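Numbering-wise, our numbering comes out as the position in the sequence shown, counting from 1, plus 804.
By construction, these hints were calculated from the structure, which means they are not laboratory data.
Small disclaimer: the values here were computed from a predicted structure and weren't measured.
Please note that a few of the clues may not be correct.
Distance ranges between label pairs, derived from CB positions [unchecked claim]: (1) Thr1377 - Ala1351: 45 to 53 Å; (2) Glu1453 - Ile997: 48 to 56 Å; (3) Lys930 - Ala1161: 23 to 31 Å; (4) Thr1197 - His1116: 54 to 62 Å.
Think about it this way: if two alpha-carbon atoms lie no more than 25 Å apart in a straight line, the pair counts; the simulated BS3-like pairs of lysine-lysine are [claimed, not checked]: (5) Lys1181 - Lys863; (6) Lys1382 - Lys894; (7) Lys1196 - Lys863; (8) Lys1399 - Lys1295; (9) Lys856 - Lys1121; (10) Lys1196 - Lys1472; (11) Lys909 - Lys1305; (12) Lys1121 - Lys1196; (13) Lys1164 - Lys893; (14) Lys1305 - Lys1382; (15) Lys909 - Lys1359; (16) Lys868 - Lys1220; (17) Lys909 - Lys863; (18) Lys1121 - Lys894; (19) Lys894 - Lys1296; (20) Lys1296 - Lys1382; (21) Lys850 - Lys868; (22) Lys816 - Lys856; (23) Lys1434 - Lys1399.
Idealized CB from N, CA, C, for every residue including glycine.
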Amino acid sequence: TNILSFHDRFPKAPVITLTESYRCTQSILDAAGSLIANNTERLVGKIEGLKKDLTAVSKEVGEKPQLLFSPSDMTEPWMLADIVEERLKKGLQPEDIAILVQTNKELIPLYDVLIARGIPVQMTGKVDLLTHPFVRQAIAILRAVENPQKSEALAAALACECFDCHPADLAQLFAKRIEEEKTLATQLLELDIEQSLRNKKTLLYARDVLFDLHNKLGSRTVIETLRHLLEETGLLALASGKEGKKFDPIDFAALQEFYDRISQRAYEEPHFTFSSFLSDLTYYQEPQYSDLRLSYSLPHLTEKGVQLMTAHQSKGKEFETVILANFRDRHWDRRFNPSALSIPEDLLFGWKKDQKAFEKHQDERRLAYVAMTRAKKELIFTCPKELTTGDKTREVSPSAFFAEAGTLPEELRELKDPTNVSILLHKPVRKFDKEMEAFLKERLENYALSVTALNHFLEDPQIFLQVDLLRVPQEHEPSFAYGSAVHDALKKWALTVQQGKPLNQEGFLQVFQTYLEERELLTDNEKARLTKIGEESLPRYFQQKLAEASPTIYKVEFAVLTHFEDPSDPVVTSIPLKGTIDRIDLYAPDSSLAKVIDYKTGRPKTEKQIRDEGDYFRQLAFYALLLEQKNLPIEPQEFVLEFIGEGSEHPVTRAFSITQSELNDLKKVVKEVWGRITSLAF
805 TNILSFHDRF PKAPVITLTE SYRCTQSILD AAGSLIANNT ERLVGKIEGL KKDLTAVSKE
865 VGEKPQLLFS PSDMTEPWML ADIVEERLKK GLQPEDIAIL VQTNKELIPL YDVLIARGIP
925 VQMTGKVDLL THPFVRQAIA ILRAVENPQK SEALAAALAC ECFDCHPADL AQLFAKRIEE
985 EKTLATQLLE LDIEQSLRNK KTLLYARDVL FDLHNKLGSR TVIETLRHLL EETGLLALAS
1045 GKEGKKFDPI DFAALQEFYD RISQRAYEEP HFTFSSFLSD LTYYQEPQYS DLRLSYSLPH
1105 LTEKGVQLMT AHQSKGKEFE TVILANFRDR HWDRRFNPSA LSIPEDLLFG WKKDQKAFEK
1165 HQDERRLAYV AMTRAKKELI FTCPKELTTG DKTREVSPSA FFAEAGTLPE ELRELKDPTN
1225 VSILLHKPVR KFDKEMEAFL KERLENYALS VTALNHFLED PQIFLQVDLL RVPQEHEPSF
1285 AYGSAVHDAL KKWALTVQQG KPLNQEGFLQ VFQTYLEERE LLTDNEKARL TKIGEESLPR
1345 YFQQKLAEAS PTIYKVEFAV LTHFEDPSDP VVTSIPLKGT IDRIDLYAPD SSLAKVIDYK
1405 TGRPKTEKQI RDEGDYFRQL AFYALLLEQK NLPIEPQEFV LEFIGEGSEH PVTRAFSITQ
1465 SELNDLKKVV KEVWGRITSL AF
């Protein structure tokens, strides 16, 4: 805009166009030029006679840029390592090769793979400070120090690597806490008389450090507390190479940055308290404030290496070979990037929705152009054929920018050593000793698989291990309390319908309120907030769904414990299953046709979301499996998700039928997961 204004003011001023490139080959310049020609916000076309077709001073045409497909996003990093190794073997220096990515979070996975292959790497980028393992340990310990009476916080602190507590000791302690209905803090205070522990000294030390830090909160500043924590827990020794430990510059840089950031915050606010400190940490960890991450620059661990950085960080640099990784649709172009803290462009520039999307797309194309023109001799795009999300995969396409760059060669690239890839990707998180193995197998003797546990395993086997098998105390979110209170009110209503005396709206709301008051541990603010949500949402649900309803209710909160047996599979003999079904209705009093209902709080999901995301639909299929194995005298026809609705969201009913094919698919998943559980493949 400024240049156009200048040209309008001084139309006779000569226009000198720079069209010679001293960096790229002609093939790279042509591809980049073809791409950027699609941008309309350029001087070309706005100033009469202006052209900007770049030519290579070297006159070297060079090889055309190419697109290499990997089978999936899981194999793409290993394909990149193959590509880099080939160039290194041809004599190219590591520092002459650059891998450019779109986001900072892509750096670490690529870095880990390249290091695993013995390739020197210089990573330039920023990563989220609060996701570093050592910082996460420090935060877990801080939360336990704040309130040791919160068993879930104390359990998370004891499990930190820096304390080195024996996992079987912790599992035994957690199990005993549940059996004796005591807080974990009480259990720890009774440790001195406990004789059956494997490493009692370590556990006692961890206990004493945590309690001592808590007891001295009032007499120490936040910085003093943090310093004592880092020293007394051994975190600083682990990172800095003290006490015989190996120095790790990345770990040390993370802890140092964490300490410096908190120090700076404390000096900015003289009355900075421990509560304020933890409140700040909670704020930075909230997903909705993703733009406000505490990030830090990673230290370089080698003087020379393959350059790994984001496209933004590559500006002003040049390399013999440039690889643009993960060059897929909706990632390099038309990228979805929600921003929780920004000044809306419509306020700054008067842009409407379409204009904002247009401007953003222009910026994305400019960035891709910059990334492409970092290459002197060779430009490679890579893209996975499939993208993995949870336990599902979906096909993806290359970015539209690749097509805009002209007609360029494409190739599906196979991995050199796929076996080695799978071993590295699926290495166990922890090597269990014999005692831990025995303890876990004992827990499995009386264990039954629920759909919640199944979903946890499919999300991450470690979540299943911690939450479902070891039963490590978990923080009870207020939203869980709200859901439990709503379920209790719906249960009471259904039972009174069975008795012929349906609960009225006032009684329905009273059951909800009583549950929050008497059955949940909530702060006054949390209780008031959840009560308000219920008072706004539940009357609407009652009037729309319950006031005039007279269903034939067959079962209410039906607890099922059964075994899944597959006569066609001689390996899997019997899998214990369990679940609780909210409600089962019959189509008529004398009918065997039934409808299975599950209540959901939170934002209603579309039918497509339910099928695509998997967890909710898998839950309905799991209920079908439970009822099939239970051999009840009913024939389920519908499986219903009943969304209660909150705030402006009205109640929504999503009904599904579970086909035999879908049920068979679930059976395969259950058998595979149970096989991994029983073999302790976490």
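Practice item. Could you tell me which of the hints above the structure violates, numbers in ascending order? Key: 4, 6, 7, 11, 12, 13, 14, 15, 17, 19, 21
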